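Under numbering that gives the first Met the number 0, the first residue of the sequence shown is numbered 0, with each subsequent residue one higher.
These are computed hints drawn from the structure, not numbers from a lab. Bear in mind that the values here come from a model prediction, so they are computed numbers and not experimental data. Do not take every clue at face value.
Said to hold, decoys possible - Here are the simulated BS3-like pairs of lysine-lysine, each with C-alpha atoms no more than 30 angstroms apart in a straight line:
(1) Lys126 / Lys164
(2) Lys164 / Lys79
(3) Lys79 / Lys126
(4) Lys132 / Lys164
(5) Lys61 / Lys131
(6) Lys79 / Lys132
To be verified - Label pairs and their in silico Cβ distance ranges:
(7) Ile50 / Ile85: 17 to 23 angstroms
(8) Lys79 / Ala136: 25 to 31 angstroms
(9) Ala44 / Arg141: 31 to 37 angstroms
(10) Leu33 / Met102: 15 to 21 angstroms
(11) Asp106 / Gly51: 30 to 36 angstroms
(12) Gly142 / Pro37: 30 to 36 angstroms
(13) Glu3 / Tyr105: 27 to 33 angstroms
(14) Glu23 / Gly47: 26 to 32 angstroms
(15) Lys79 / Tyr100: 30 to 36 angstroms
(16) Ala93 / Glu3: 19 to 25 angstroms
(17) Gln128 / Gly103: 35 to 41 angstroms
Just so you know, even glycine gets a beta-carbon here, dropped at the ideal spot from N, CA and C.
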Amino acid sequence: MAKEWKGDILALDIATKLGWAEGEPGGTPRFGSLALAPDGSSQAAIFGGMIGFLGSRLQAFKPRTIVFEAPELFRLRSGKATRATIEVLFGLPAVMQGVAYRMGVYDLQEATAPDVRGFFIGQRNLKRQEAKKAVVAECHRRGWMVRNDDEGDACALWAFMCAYKVPELRTASPATPLFGRAS
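With the hints as extra help, turn the sequences into a complete structure.
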C-alpha cells in the first residue's frame, strides 16, 4: 500500500498578473491574485515583485510542493512575442524556482495548461478565453468564489496537483485521458 501523501500545495499561475492557490489536498484552497509590478514596469521590477511575493509567502506558509503552469509557447509560434516578453515568460518561473529552492521548497512541479484544463473542466483544447471562462465557472460550481481568471487558473492548477499527489482525489473532476475515467 502506498504511503499517504501529506503536506500543502502552492499553485502559481505565473504572469505579471499572478494567481495563487494553496492548501492541503482534500481541503478548500485559499487563493488570491496580484500584479507583480505596475503596468509598464521594467523586467527588474517584475522579477523583484516575484521575489518579494514568494519570499513573503514562503515565510508565512511553507508548502511541501509548488506547482506552476508551464510557459505557453503560442506567442513564440505566432511571431508576436518580443524579446522582453520572452524573457519575462521564461524568467518568472526561473526566479520562482530559485527563490523556492533557497527557502527550502524542493518539490517544484510544472504542468501544462491543456493537462490542467483537461482534468479540471474535461476539455483540453478550448480557445484560451473560452477555457478561462469555463475554469472560473467550475471554480464557482465548487464554491471557490474566484474574482478573476488568474485565481481560477491557480485553483485549477492546485486541484490538478492535489489529484496527482493524492490519487483518491482524481474522481473529483471530469474524466480525462490523463487520470482515467471517473467511476
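Outcome of the hint check:
no. : hint                                : result
1   : Lys126 / Lys164                     : holds (28 angstroms)
2   : Lys164 / Lys79                      : violated (36 angstroms)
3   : Lys79 / Lys126                      : holds (18 angstroms)
4   : Lys132 / Lys164                     : holds (26 angstroms)
5   : Lys61 / Lys131                      : holds (28 angstroms)
6   : Lys79 / Lys132                      : holds (24 angstroms)
7   : Ile50 / Ile85: 17 to 23 angstroms   : holds (20 angstroms)
8   : Lys79 / Ala136: 25 to 31 angstroms  : holds (28 angstroms)
9   : Ala44 / Arg141: 31 to 37 angstroms  : holds (35 angstroms)
10  : Leu33 / Met102: 15 to 21 angstroms  : holds (19 angstroms)
11  : Asp106 / Gly51: 30 to 36 angstroms  : violated (22 angstroms)
12  : Gly142 / Pro37: 30 to 36 angstroms  : holds (33 angstroms)
13  : Glu3 / Tyr105: 27 to 33 angstroms   : violated (20 angstroms)
14  : Glu23 / Gly47: 26 to 32 angstroms   : holds (30 angstroms)
15  : Lys79 / Tyr100: 30 to 36 angstroms  : holds (32 angstroms)
16  : Ala93 / Glu3: 19 to 25 angstroms    : violated (33 angstroms)
17  : Gln128 / Gly103: 35 to 41 angstroms : holds (38 angstroms)
Violated hints, in rising order: 2, 11, 13, 16; the structure is consistent with all others.
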